[in-house]
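Novice: From first to last, the protein sequence lines stand for chains A and B. Counting from 1, position 229 in the first sequence corresponds to residue 230 in the numbering used here; the numbering is continuous, with no gaps. Counting from 1, position 171 in the second sequence corresponds to residue 346 in the numbering used here; the numbering is continuous, with no gaps.
Rather than coming from a laboratory, the hints here were simulated on the basis of the structure. The structure displayed is predicted, hence computed values, not measured ones. Each hint should be verified, as a subset may be incorrect.
What the hints assert, rightly or not - Chain A residues, not near chain B, derived (Cβ > 10 Å throughout):
1. E114
2. P123
3. A201
4. D303
5. K309
Unchecked claim - Under the rule of at most 20 Å between Cα atoms (straight-line distance), these lysine to aspartate or glutamate pairs were calculated in the EDC-like manner:
6. B/K288 - B/E309
7. B/K243 - A/D333
8. B/K239 - A/E312
9. B/K243 - A/E143
10. A/K142 - B/E309
11. B/K189 - A/E269
12. B/K307 - B/D254
13. A/K322 - A/E312
14. A/K359 - A/E269
15. B/K189 - A/D333
The beta-carbon is built from N, C-alpha and C at its ideal position, and this holds for glycine as well.
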Amino acid sequence: MKITGAQAVMKSLEMLGVDTVFGYPGGAILPAYDPMIEAGFEHVLVRHEQGAIHMAEGYAHATGRVGVCIVTSGPAATNLVTGLADANMDSIPVLAITGQVATTAIGSDAFQEADVTGITMPITKHNELVHTAERIAGALKEAYYIAKSGRPGPVLVDIPKDVLNDLIEWHWDEHIDLPGYRPTIRGHGKMVKEALDLIASAKRPVIYAGGGLVRADAGEELRDFAERLQLPVVTTLMGRGILPDRHELTVGMPGMHGHYAGVKALQETDLLVTLGARFDDRVTGRLDAFAPLAKVIHVDVDPAEIGKNREVDVPIVGDLKVVLGQLLRVLDDKEEKGLLEPLLPDTKAWRNHLDELKRDHPLLLDQPETGVLKPQTAIRAIYDTWGDDAVYVSGVGQHQMWAAQHIPYSRGGQWINSGGLGTMGFAVPAAIGAKVGVGRDVPVVAIDGDGCFQMTFQEIAAAVQHDIPVIFCVINNGFLGMVRQWQSLFYEDRLSQVRLPQDCPDLLKLADAYGIPGFRVMHVEDLDAILAKAYAITDQPVLIDFRVDPDEMVFPMVPSGASNDDVLETAEQWYARAAALAAAKLAAAGEDQL
Amino acid sequence: MNSNHTLSVLVENKPGVLTRIAGMFARRGYNIHSLAVGPTDDERVSRLTVVVGTEAVQLEQIIKQLNKLVHVLKILELDPDDAVEREMQLVKVTADPATRSQIIEIAEVFRAKIVDVSHDALTIEAAGNPAKLEALAELLAPYGIREMVRSGTIALSRGTRSITDGSKLRMQRAV
Ligand SMILES: Cc1ncc(C[n+]2csc(CCOP(=O)(O)OP(=O)(O)O)c2C)c(N)n1
Ligand SMILES: [Mg+2]
Chain A
2 MKITGAQAVM KSLEMLGVDT VFGYPGGAIL PAYDPMIEAG FEHVLVRHEQ GAIHMAEGYA
62 HATGRVGVCI VTSGPAATNL VTGLADANMD SIPVLAITGQ VATTAIGSDA FQEADVTGIT
122 MPITKHNELV HTAERIAGAL KEAYYIAKSG RPGPVLVDIP KDVLNDLIEW HWDEHIDLPG
182 YRPTIRGHGK MVKEALDLIA SAKRPVIYAG GGLVRADAGE ELRDFAERLQ LPVVTTLMGR
242 GILPDRHELT VGMPGMHGHY AGVKALQETD LLVTLGARFD DRVTGRLDAF APLAKVIHVD
302 VDPAEIGKNR EVDVPIVGDL KVVLGQLLRV LDDKEEKGLL EPLLPDTKAW RNHLDELKRD
362 HPLLLDQPET GVLKPQTAIR AIYDTWGDDA VYVSGVGQHQ MWAAQHIPYS RGGQWINSGG
422 LGTMGFAVPA AIGAKVGVGR DVPVVAIDGD GCFQMTFQEI AAAVQHDIPV IFCVINNGFL
482 GMVRQWQSLF YEDRLSQVRL PQDCPDLLKL ADAYGIPGFR VMHVEDLDAI LAKAYAITDQ
542 PVLIDFRVDP DEMVFPMVPS GASNDDVLET AEQWYARAAA LAAAKLAAAG EDQL
Chain B
176 MNSNHTLSVL VENKPGVLTR IAGMFARRGY NIHSLAVGPT DDERVSRLTV VVGTEAVQLE
236 QIIKQLNKLV HVLKILELDP DDAVEREMQL VKVTADPATR SQIIEIAEVF RAKIVDVSHD
296 ALTIEAAGNP AKLEALAELL APYGIREMVR SGTIALSRGT RSITDGSKLR MQRAV
């Protein structure tokens with residue numbers, strides 16, 4: 002029996018086991034929306050295509066499965082651009098299906114035509130313009146496979162309208178033939194041994210654990226490995242929770258707004274055991290001053306990450322779960338033969354030192370008993386309310402950094418944020434997608450900024466319509482806070498275009514407009530009672546407006562462009578450093594005059 | 176130290192593959208010196224010869240980034256001492272009765288051919304390595320070069336080895 006290309010899209014998605022697609026219909030993709038009525042998966046109708054792709058990302062973040070979105074040609078497809086770039090940066094497996102004008106019209110500047118494969122080439126792992134209906138099943142199958150295998154990422158399949166309408170014989174097989182695409186899964190045996198030898202001889206080794214471990218679902222292996230060798234672990238913004246924060250070997254987060262001990266651990270180490278991390282500039286600070294004493298082991302499934310920013314002593318290309326398994330097996334082997342002892346580094350003194358740093362340099366928070374609510378207090382209370390079971394999704398800005406710093410995460414995928422691209426507007430749709438992925442029993446809490454929230458809050462309507470009960474928390478500081486912080490610190494407090502009226506829009510009225518319960522916390526003393534009320538609501542979305550101290554800044558902070566040695570813990574330290582730098586400059590200028 | 180490196184790249188003959196490669200170079204700020212592309216003995220496979228001016232560390236990164244492109248099948252860096260590198264050049268030079276014979280002489284020294292003659296111009300076809308072609312152009316310049324085109328380098332390794340040897344190219348050769 003012959004079917005249409007559109008039906009082939011439905012059947013392909015069913016064969017791939019897709020349970021939900023996030024989408025928005027329109028001209029070129031219309032043929033696909035007809036057979037969708039009978040398709041074996043759910044469709045979530047978003048309010049803006051950017052919402053569709055961030056939902057697909059949130060779904061993928063939370064479940065490890067491929068998130069799927071489907072939209073029409075032209076403006077709809079270009080609305081995906083931000084999300085594709087985001088997924089590309091953070092290695093999130095996403096399949097984006099876009100409609101395209103008919104093959105006969107391509108190149109004629111037809112209505113709603115855009116060169117979508119051309120536009121998205123540099124921000125997707127791969128993409129394809131499908132020329133025939135016979136190719137649909139193969140293209141979708143390959144796209145899905147490419148998205149989730151190796152280093153995951155977004156793949157886009159662009160399908161012209163006539164191709165969706167063409168009749169074909171349905172054919173499906175599991176065979177994948179991609180001669181130019183073969184990710185390396187197993188690490189090189191010799192390198193695995195060399196890595197263990199290098200660790201054995203290290204005095205101050207540390208595991209630099211990144212988002213790749215989350216993507217590879219390698220939390221258990223990481224814990225076993227760190228425990229066997231007693232290696233302290235720092236978890237990056239993308240890797241938070243992959244070793245639980247309460248684990249005794251966890252040091253904290255490194256980077257520009259990392260925990261003090263996390264930053265210092267990387268600066269003082271003599272061996273970076275880099276697992277699925279990529280020496281991002283927000284982690285390294287000034288690259289030539291980063292981890293100056295360290296040799297480097299680097300394990301990554303993407304060979305291009307190895308040696309990209311930092312020279313490596315032992316490179317291992319492979320899937321992190323598999324390579325950690327290999328490392329553990331060598332240790333097992335040695336143990337059986339009674340030869341484990343020489344492979345164990347003596348890290349006791351080093352761990353004690355890091356524990357002291359942790360104890361002596363906690364996150365600082367000056368919360369009065371009554372009155373003004375500090376944003377960090379709000380975030381801690383959110384965690385105390387929804388706890389370890391919940392998934393936390395953030396936007397981009399100060400609230401993101403506070404949520405990364407202050408919540409003790411306990412598993413990979415529990416913390417979802419836009420790390421590489423820093424996409425404001427990510428949280429609302431990503432939280433909705435995550436909630437679809439994790440299901441009824443796991444609470445999903447969006448911790449958003451008042452700026453970010455206003456970029457994508459229209460998706461609350463999708464959450465309401467499709468009965469997706471997400472808790473939306475707005476850390477409402479009346480500012481584009483992170484930008485304001487930089488203007489305060491780097492531009493002598495000359496604030497420019499960063500103020501957002503705290504009561505515009507009125508979030509309680511907004512909640513009302515969407516028909517969902519809304520709450521507002523004005524003062525710290527109201528926090529617990531209001532959160533208890535919000536917690537009781539589990540069957541519909543909730544919106545909470547936290548009116549927090551507008552002047553709070555994120556610390557610790559490594560000044561942008563500075564060395565990680567310069568981690569500053571308070572605003573006072575900051576201004577003292579700035580004054581000292583200015584004085585030194587003046588003195589130097591004075592000498593020049595002489 | 177920047178120097179030129181010649182890469183042979185086998186790619187699947189798919190729409191847009193050249194854009195992907197050129198785009199990757201542009202996006203990551205790599206410098207393409209020359210790029211030549213054409214079919215191979217297998218109709219599903221095209222071969223690119225890319226000359227890049229770069230340092231060794233960056234070259235490794237370029238090769239890795241190229242390898243990430245799904246349609247790239249194989250990359251080989253050609254050792255300049257162990258490869259044949261050729262480029263073709265067409266030059267149209269102003270030539271009057273007084274200078275014509277001098278120009279023809281120069282062409283002969285370079286084993287270049289005169290492929291078109293008109294009243295006041297000669298078109299010369301030359302092939303060879305890039306240094307030789309540059310030398311030829313330099314000698315012709317005083318006569319007045321009206322226009323010139325170069326094909327970009329193509330290259331093969333010397334000896335019996337082939338880029339497809341021992342490779343895991345699963346693509347069966349077309350019969
Ligand atoms: C789409 C986008 N535009 C601009 C920025 C630059 N930016 C980074 S953080 C920030 C402020 C975010 O404000 P808000 O959501 O209120 O969070 P806060 O920092 O106040 O917690 C801005 C404008 C960005 N990251 N993304
Ligand atoms: Mg704000």
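Novice: Next, verify each hint and record whether it holds.
Specialist: Hints and how they fare:
The claim that A/E114 lies off the interface holds: its Cβ sits roughly 16 Å from the closest Cβ of chain B, which is beyond the 10 Å cut-off. In this structure A/P123 is not separated from chain B by more than 10 Å, as the shortest Cβ-Cβ distance comes to only about 5 Å. In this structure A/A201 is separated from chain B by more than 10 Å, as the shortest Cβ-Cβ distance comes to about 28 Å. At roughly 7 Å from the closest C-beta of chain B, the C-beta of A/D303 falls inside 10 Å, breaking its exclusion from the interface.
Chain B draws A/K309 into its interface by the beta-carbon criterion, the shortest separation being 6 Å against a cut-off of 10 Å. With a CA separation close to 16 Å, the supplied pair B/K288 and B/E309 stays within the 20 Å bound. A distance of roughly 34 Å separates the Cα atoms of B/K243 and A/D333; the hinted pair therefore is violated under the 20 Å criterion. Pair hint B/K239 plus A/E312 holds up; C-alpha atoms about 15 Å apart against a cutoff of 20 Å.
The straight-line distance between the Cα atoms of B/K243 and A/E143 is roughly 15 Å, inside the 20 Å bound, and the hint therefore holds. Between the alpha carbons of A/K142 and B/E309 the distance comes to roughly 50 Å, so the proposed pair goes past 20 Å and is violated. Our distance criterion of 20 Å between C-alpha atoms is broken by B/K189 and A/E269, whose separation comes to about 49 Å. A C-alpha spacing of about 19 Å is found between B/K307 and B/D254, which places the hinted pair at or below 20 Å, so the restraint holds.
A threshold of 20 Å between alpha carbons decides the hint, and for A/K322 with A/E312 the separation of about 23 Å lies outside it, so the pair is violated. For the hint pairing A/K359 with A/E269, the CA-to-CA distance comes to about 14 Å; that is within 20 Å, so the pair holds. Among the hinted pairs, B/K189 with A/D333 is inconsistent with the structure: their alpha-carbon atoms are about 47 Å apart, more than 20 Å.
Against the hints set out earlier in the document, violations occur for numbers 2, 4, 5, 7, 10, 11, 13, 15.
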